[in-house]
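S.K.: Each protein sequence line maps, in turn, to chains A and B.
Per numbering that gives the first Met the number 0, residue 0 is the first one in the first sequence, and the count goes up by one each step.
Per numbering that gives the first Met the number 0, residue 0 is the first one in the second sequence, and the count goes up by one each step.
In case anyone wonders, no lab produced these hints; they're calculated from the structure.
Keep in mind that a hint or two might mislead.
Unchecked claim - Computed, partial: chain A to chain B, Cβ under 10 Å:
1. Q39
2. P48
3. A66
4. R92
5. A93
6. A97
7. V121
Claimed, not checked - Reference listing, derived: stretches of chain A covered by chain B, where coverage requires no fewer than 3 residues with Cβ under 8 Å from a Cβ of chain B:
8. 41-47
9. 85-91
To be verified - Using C-beta positions, here's what the derived DEER-type ranges look like:
10. B:A49 - A:A28: 38 to 48 Å
11. B:A179 - A:T105: 45 to 55 Å
12. B:E72 - A:A25: 25 to 35 Å
13. B:D73 - A:V123: 23 to 33 Å
14. B:E143 - A:G145: 53 to 63 Å
15. B:A49 - A:Q117: 52 to 62 Å
16. B:V15 - A:G60: 43 to 53 Å
17. B:S121 - A:L15: 31 to 41 Å
18. B:W35 - A:S124: 57 to 67 Å
19. A:P96 - B:A46: 38 to 48 Å
20. B:Q115 - A:P96: 40 to 50 Å
21. A:A140 - B:R159: 47 to 57 Å
22. A:G80 - B:G145: 28 to 38 Å
23. B:V91 - A:G80: 45 to 55 Å
Just so you know, even glycine gets a beta-carbon here, dropped at the ideal spot from N, CA and C.
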Amino acid sequence: MRLRKTELSPRPWTWLGNPRVLIEHADEAKGMSLAAAVRQAGYAVAVCPGPAQSERCPLAGDEGCEAAHGADVIVTSLGLGTRQSREVLEALRARCPATPLVVEVTPEEKEEWSGRLQGCEVVVSPATPDELVAAVRGVLATRDKGD
Amino acid sequence: MVRNPFRSEAEAFRFVLVTVGAFTAIAAASLLGGAWVGVPVWAVLTAAVATFYVVRRRAARGIRSAPPHVGAEDERRILVVVDGTVADETVVGAIEEASTGYRKRVLVVCPVRVSQIDRWTSAVDDARAQARRNLDESLARLREAGIEARGEIGDEDPLRAIEDALRTFGADTILVVTPAERFEGATGPDVVAGARARFALPITSVVVDAGARATAAHD
């Protein structure tokens, strides 16, 4: 599928030279807290609140998402409890197949949606920023070994 | 490929309801006030709906980003954007608060605020000279308070000035310093709101009063 070029504001990845981590978190304060930990670990970050209620993630449409396409790792803490959040995960897997995914889910979601989580680095919520940073380091190390 | 403009069934249903409501309002206005009364009602409703969708679409894409931390683990880099004023002791306090428990490195950036009139009258050099004076005075005041800072003149767009500084300096926190008189107007809050919408960093608004009184509004 060809992506329609759209101008996103702000352009998310203007920082060059470091691995780029996209964090998807509906809770602004927690997302920022995680972003601070990820930055401290030496990664550039972008924080996305995910689609609002009744909104559809641009990644799931034909607009595409510059932040997702340009990321080296994507951490999604949107869970799998809603149709929208599951749609986001599906879109990430379909449209960014080479990008490692770290998915934070509840123990129940991990069990219920185990099929959809195959191939993802699963972190059980509530996860601390340190745990998520460790997961990011882990998937990057695995990716680098495979290169 | 035909692109569906609606992102969900719920959105399509809402659009139908809004359309029915709008046509009802237009018809009612035309019946009560005559055919031409319906025209301004149509124009107002169309503008309102268009504005709603544009604002909501922008809000839905609230992706913020930030560069990685630069420097040692125990170091905090603080970017101070002094926009049309001079740093004072409240800025000193905000810097100390933002760097509590850490070694600090401070970069002061003064955007060159060029108005349209400045361009028409070729007074851009004056605006640059004013920014330079603000920068020199701000650095001197910080130095008096024991804070060693580096400084530079920034882009005329404060948000671009911040982005430029983040690329080279890699700040952990941003202080936006604006004068009180401008804070009441459009510029100050716009810069702070714009920075908060764009950068995934703690951003503090510091409002400097002419009498060296100031207040800090934290993110």
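S.K.: Between Q115 (chain B) and P96 (chain A), is the Cβ distance one that fits in 40 to 50 Å?
M.R.: holds, 49 Å
S.K.: Regarding W35 (chain B) and S124 (chain A), is the given constraint of 57 to 67 Å on their beta-carbon distance met?
M.R.: At 60 Å between Cβs, range holds.
S.K.: Given Q39 (chain A) as an interface hint, is its Cβ closer than 10 Å to any Cβ of chain B?
M.R.: holds, 5 Å
S.K.: With respect to the beta-carbon atoms only, verify the hint that A140 (chain A) and R159 (chain B) lie 47 to 57 Å apart.
M.R.: Since the Cβ atoms of A140 (chain A) and R159 (chain B) sit about 36 Å apart, the hinted range of 47 to 57 Å is violated.
S.K.: Hint says 38 to 48 Å; check whether the CB-CB distance for A49 (chain B) and A28 (chain A) agrees.
M.R.: Distance hint for A49 (chain B), A28 (chain A) is violated at roughly 33 Å.
S.K.: Given the range 45 to 55 Å, decide if the beta-carbon distance of A179 (chain B) to T105 (chain A) lies inside it.
M.R.: The hinted range 45 to 55 Å holds for A179 (chain B) and T105 (chain A), with Cβ atoms some 48 Å apart.
S.K.: Has the hinted range 28 to 38 Å been met by the Cβ atoms of G80 (chain A) and G145 (chain B)?
M.R.: This hint is violated: roughly 52 Å between Cβ atoms.
S.K.: Do three or more residues from the region 41-47 of chain A put their C-beta atoms closer than 8 Å to C-beta atoms of chain B?
M.R.: holds (count 7)
S.K.: Go through the hint on A93 (chain A) and say holds or violated, using the shortest Cβ distance to chain B against 10 Å.
M.R.: With a minimum Cβ separation of about 17 Å from chain B (threshold 10 Å), the hint on A93 (chain A) is violated.
S.K.: So the hint says 25 to 35 Å: do the beta-carbon atoms of E72 (chain B) and A25 (chain A) match that?
M.R.: holds, 29 Å
S.K.: Against the range 23 to 33 Å, how does the distance between the Cβ atoms of D73 (chain B) and V123 (chain A) compare: consistent or not?
M.R.: holds, 31 Å
S.K.: Going by Cβ atoms only, is R92 (chain A) closer than 10 Å to chain B?
M.R.: violated, 20 Å
The earlier numbered hints that this structure contradicts are 4, 5, 6, 7, 9, 10, 15, 16, 21 and 22.
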